[in-house]
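**Student:** So the sequence lines, in the order shown, correspond to chains A and B. Be aware that the first sequence starts at 1, since it is given in this note's numbering, and climbs by one per residue. Be aware that the second sequence starts at 182, since it is given in this note's numbering, and climbs by one per residue.
A few chain A residues facing chain B, derived, Cβ under 8 Å: (1) I29; (2) P31; (3) A62; (4) A71; (5) V72; (6) S74; (7) L75; (8) A88; (9) G113.
It should be emphasised that the hints constitute simulated quantities derived from the structure, not laboratory data. Each residue gets a CB set at the ideal place from its N, CA and C atoms; glycine is no exception.
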Amino acid sequence: MLVIYQAKNSKQLTYKTVPVYLVGGGTLIDPIAELERMLELDPVAEDMRSVTPLFRDDAGAAFRRRDVSRAVKSLMESIGLDPGCFGAHSLRIGGATAALAAGVHPSVIRITGRWSSDVWQIYARLSKQSALGVSMVIGSTPFDDCERGEFMSEELELMPEEMASLGDAHFPVDGVESDSD
Amino acid sequence: MDGWRLSAVVHGLSVGRVAWVGRGALVCELRSPFRMPVASSGQEAIYRAAASPRLQDLTQRLLLSAVASRDGGASAQGVKWWLRFNVLGAGLSPVQHLDSTSPRWQKLEAESRLMNFVTWLVVCRPSGRPISTRSARKYVSQVVTWMRRVYSADFAGGLDLQNLRDLLKGMRRELGDTPVRRRYGVRTQHLRQAMDLCLPRKCRRRAVRSMRALLAVAFCGLLRGGEAALPDGEEFDPRKHLTLRHTVLHAP
Chain A
1 MLVIYQAKNS KQLTYKTVPV YLVGGGTLID PIAELERMLE LDPVAEDMRS VTPLFRDDAG
61 AAFRRRDVSR AVKSLMESIG LDPGCFGAHS LRIGGATAAL AAGVHPSVIR ITGRWSSDVW
121 QIYARLSKQS ALGVSMVIGS TPFDDCERGE FMSEELELMP EEMASLGDAH FPVDGVESDS
181 D
Chain B
182 MDGWRLSAVV HGLSVGRVAW VGRGALVCEL RSPFRMPVAS SGQEAIYRAA ASPRLQDLTQ
242 RLLLSAVASR DGGASAQGVK WWLRFNVLGA GLSPVQHLDS TSPRWQKLEA ESRLMNFVTW
302 LVVCRPSGRP ISTRSARKYV SQVVTWMRRV YSADFAGGLD LQNLRDLLKG MRRELGDTPV
362 RRRYGVRTQH LRQAMDLCLP RKCRRRAVRS MRALLAVAFC GLLRGGEAAL PDGEEFDPRK
422 HLTLRHTVLH AP
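From just these sequences and the hints, can you work out the full model?
**Tutor:** Structure follows, in structure tokens:
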């Protein structure tokens, strides 16, 4: 478990700490194994633990945010991706996307990511796994709906260019259903 | 009783029908007759505090705490640029004490300076990075709010700032908005592949192992850059930033 003091909203919630629970065993990324390896190589005396940065460079100074950003850019460049599209925040975006792809409930993603609003939706992006999972679930789920609402007309209207592309095709007049419906 | 009578006279109402008026709106009205309140024993200090200058200070401090930075917005980026634009650039005071009775030419001059500020921000790029019209608009809003909150002064004496609005509109049409920066998420498999390539697991350098751990923790813990590492511009403070003490490892 990791306890974070410097959360983004700590200005409003002074002295609020945020626990981050991490579990090992990830087949691709295992934060616990990485932490253990780091501590094994670089043991710190018990009385110095409270003043030693958790993540530090060769000189013992804490990594800065820009170091993380540079590292992410450099790593992505090394595998042929455009470094300009990545930064420190890419880790958070990627983590949220992976969680959504794995079927983690959105409310759990929001809480674990410490988002106080629905802004997490910007972070969690659609992945092939999510999309395939959705279509599979849709195709496997019979249901009995108990509500029959009406669409708002705007939702069914075609865009002007779509209208134009259909030429002289017959369209139902407002309030009158066409035969094909 | 004198105080109450005086209060009634100030509000132009007869004694026995005292009203409290807040910002022009009638808030509460007492029906006559009323009895003069008397403080019970032991409560004198509480009522003495009502006239204390410390109460005024506290009220001011709480007002400034309306924004998270607790300085009334003085540390907002827009206000910082406004101070630099005026003090370092134009050589003028960044604070204007105009009210609705000020001459119109002074109000127009104040608006004109704000318009120049916006143009300066977007065209001269003082930060070295492009500032979009959208951001410039937010900065203007920060300046106006800061001046109202800290100096109780409506910017340009309450002028509707129509020219400024038109400037922003024209700016958007002429210069366009800066494209939003693309930011992709790191894919799990890519992170693993790149870490193994650039930060080999067998490497014994502290920085390499530490960065591997940081990336893994930040990715799986959905950490922001400034949570996993030291925010830019801050000095390490063990009370605020992550230390080894903040990790607790439990056996499964």
